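Novice: The chain contents come next:
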Amino acid sequence: MSKQKNKTSVDNGNIAVFHSKTKVTITYILIIVIGLYIASAFYTEAYPNLIIAGMPVVIDFVIYDFFPPNLKYISTVMKALIETWNMALLSTTLSVIFALPISFLAAANINKNKVFYQIVRFILNIIRTIPELILAVLLVAFMGIGVISGIGALFIFSLGILAKLISETIEAIDPNPLEAIRATGANTIQVIRYAVIPQILPQYTSYALYVLEINVRASVILGFVGAGGIGIILKQQTSLFNYGNVSTIILMTFIAVTIIDFVSSRVRERLL
Amino acid sequence: MIEFKNVSLTYPNGHQGLKNVNLKINDGEFIVVVGLSGAGKSTLIRSINQLVKPTEGELIINGKDTLKCNERQLKEVRRNIGMIFQSYNLVKRMSVLRNVLTGSLGRTGTFKSLFGLFSNEDKELAMGSLARVGIDDKAYRRADQLSGGQQQRVSIARALTQKPNVILADEPVASLDPPTSHTVMKDLKKINKEDGITTIINLHFIDMAMEYADRIIGMREGEVVFDGPVSEVSEKTFEEIYGRPIKEDDIIGAE
Amino acid sequence: MTKNTIIQKPKKDRMFWIRTTISAVILIFLYYIALTTTDLTYRGSTLSPGALLQRLFWNPFFDDAVLEKVPEYIAYMIETLAIAYGGAVIGAILAIPFGFLAASNISKFSYIGKWILNAIRAFPEVMFAIIFVAAVGMGPFAGVLAIGINSIGMLGKLYSEVIESIDMSVLESFKANGAGRLQTIWYGVIPQIIPEFASYAIYRYEIDVRSSTVLGVVGAGGIGTPLIIAAMQRSWERVGMMLMIIIVVVSVIDFISSRIRRRLV
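Protein chains in written order, with my numbering: chain A, 1 to 272; chain B, 273 to 527; chain C, 528 to 792.
Bear in mind the hints are in silico, worked out from the structure with no lab data behind them. Since the structure is predicted, the reported quantities are computational estimates derived from the model, not experimental observations. Check before you lean on any hint, since a few could be wrong.
Just some of the chain A residues that point at chain C, by a computed CB distance under 10 angstroms [to be verified]:
hint, residue
1, 83
2, 119
3, 128
Positions of the beta carbon are idealized from the N, C-alpha and C atoms, including for glycine.
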């Protein structure tokens with residue numbers, strides 16, 4: 001009988017279902033994953049048994065302290081929610097406008113200068129790495145407390161996301177019309193206007209709505225650091241332990257976010 | 273007049289697309305370039321409007337060496353050269369008429385073209401070009417709603433709208449069925465006769481080449497291996513150009 | 528003479544104009560409200576932007592008091608990573624049953640499953656964190672819970688979509704063999720979906736790390752807490768140092784994560 005040592009999984013007459021190499025790899029991976037988990041559990045003292053034990057505590061708490069929500073507080077919350085929504089709307093508008101030119105610079109098939117392209121991408125990556133709350137902190141430092149800092153923070157934050165998404169769309173377009181229009185002697189701007197933009201328009205609007213959703217969520221807590229919106233009263237009421245009000249805030253925010261998400265995804269469906 | 277003087281094209285990886293090409297193309301000629309895939313037909317044609325750039329030699333169009341042109345001069349050169357592609361290269365979501373109007377972008381100012389403000393002259397020219405290829409009734413349809421043959425005719429109309437001196441066609445019928453292919457070739461031939469526009473076409477169907485061309489240029493491995501009037505061409509010539517016997521794929525058949 | 532007919536540009540129908548007008552009116556209305564009701568006063572600060580940037584990103588390297596704290600900040604950052612990881616793992620595991628529950632090709636009650644997952648996902652994560660902090664006190668435990676629940680929502684939905692998209696014919700061939708439901712799942716479903724699951728879970732980890740830096744601000748542990756304290760005190764050198772640590776760590780995590788994911792799928 002010939003030796004069949006290398007790739008087949010025949011082993012002492014027992015035929016393994018999985019290749020032994022796969023088994024070893026999987027075991028290693030499992031050890032690493034579980035090991036890291038144990039380490040993290042120790043570090044955070046969030047042991048699994050505590051978590052299981054903790055869930056009922058949380059549910060109890062929610063039921064006793066958060067219900068019933070304070071209905072008299074609704075009008076205050078409404079005002080704050082509108083402010084939050086406005087923040088999201090204005091900042092999304094700004095970033096939708098500014099993202100277009102920037103995403104051209106971040107698309108390899110338009111910006112052929114390799115160094116410039118890398119720099120733009122790098123800056124966009126840094127912006128996307130900074131959590132929006134931190135951006136808000138920075139902008140409050142720059143521009144003072146108020147909604148305007150929130151708009152600025154959301155603008156920068158969503159600019160990074162939108163520019164990346166759109167630049168990826170641009171990089172994926174069909175290059176043939178570009179070639180053809182360039183061959184008629186058109187200049188770069190004309191090529192962009194007639195060969196690129198028609199191809200990316202539906203995706204563009206869809207992404208714009210997606211970013212609007214993200215901004216609405218993010219705007220909820222910017223108030224925590226003074227950048228306007230519903231976060232201000234949320235922080236205030238939490239620190240006063242007025243959980244009745246807090247639950248009103250949370251519930252209404254939840255409803256508002258759900259509605260906005262719903263409308264936005266419907267519109268996006270009709271677009272694409 | 274287009275003149276190739278010792279033109280070569282070497283790619284960065286060392287492969288030679290064109291080897292020492294010498295050609296003189298007179299105004300108004302209807303030329304078909306033939307050869308196997310990879311022989312350099314496409315490279316030859318695309319060198320003329322510099323969609324690919326030769327690395328050596330001189331490419332003189334109407335007295336000017338285009339290889340020495342800067343961006344702005346190149347745009348002017350391209351304005352006078354219309355091109356038709358195998359995959360039509362229309363902007364799918366735009367209307368047929370707009371696609372044809374892009375032929376006039378070279379002479380429309382940037383600002384106006386941003387807002388789609390083409391001159392009335394150009395709009396009439398565009399419509400007229402569409403009428404010449406027989407599809408003006410589809411002017412307001414979206415380009416991707418047309419059949420392959422119709423899209424190719426739109427792209428011919430686009431080239432016409434440039435008011436070019438030269439029309440290049442890179443495998444214009446490779447994606448079309450035989451009857452439609454013949455229609456397109458007939459249109460190109462008609463335009464060449466009526467307007468006197470120099471026409472250079474890549475084809476890999478030998479019977480089609482022999483039927484429509486005035487002059488045939490045969491390429492093999494980047495070199496010109498045949499250059500002569502169609503009267504001197506027979507199937508044997510093709511076998512020499514290809515370096516192998518003729519196969520069924522090389523013939524498109526009757527309409 | 529060729530054609531005598533003039534080609535008419537097709538008239539856009541009434542529906543089109545009605546829809547466009549309504550949309551335009553809505554948009555104008557929204558913007559009008561936005562611009563008039565928000566308080567857009569620019570209060571400014573005493574610092575110039577240049578000075579601020581310098582204090583944030585340049586000075587910390589030369590300030591001994593700040594440099595001393597770097598190990599402490601790194602420890603906080605590790606805590607942030609641990610919070611994200613613990614929450615992600617729990618979320619990844621607990622999301623599995625939810626994923627199956629919400630998959631229309633496996634579960635008969637997929638409506639309920641989908642509804643629960645959507646509800647969880649609509650809740651901004653920070654609000655979960657606030658609730659948990661109020662319930663179990665400040666500290667990383669609340670953070671782990673918040674990230675865990677949020678992950679269940681996100682991962683659960685994706686799990687269900689992946690399950691719904693698997694090749695049903697594979698399942699059928701198993702059923703034809705007479706295999707039971709559990710066996711069908713184990714041998715038929717799981718092998719098809721593991722690479723995608725793992726890839727998305729790792730992607731979620733990237734996002735969770737970002738989230739947990741933020742959750743600290745509401746008291747759920749991690750680097751967010753010292754960050755907000757330093758910001759309140761206007762100690763921009765400390766804020767800047769922490770920011771830089773966050774940026775570096777998050778970038779490294781993103782990088783490693785995309786490398787792993789590329790090798791998975």
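Novice: Give a verdict on every hint.
Specialist: Right, here's what the structure says about each hint:
A hinted interface residue such as residue 83(A) counts as satisfied when its beta carbon comes closer than 10 angstroms to some beta carbon of chain C; here the least separation is about 6 angstroms, so the hint holds. Interface hint at residue 119(A): violated, since its Cβ lies 16 angstroms from the closest Cβ of chain C, which is beyond the 10 angstroms cut-off. Because the smallest distance between the Cβ of residue 128(A) and any Cβ of chain C comes to about 9 angstroms, under 10 angstroms, the interface hint for this residue holds.
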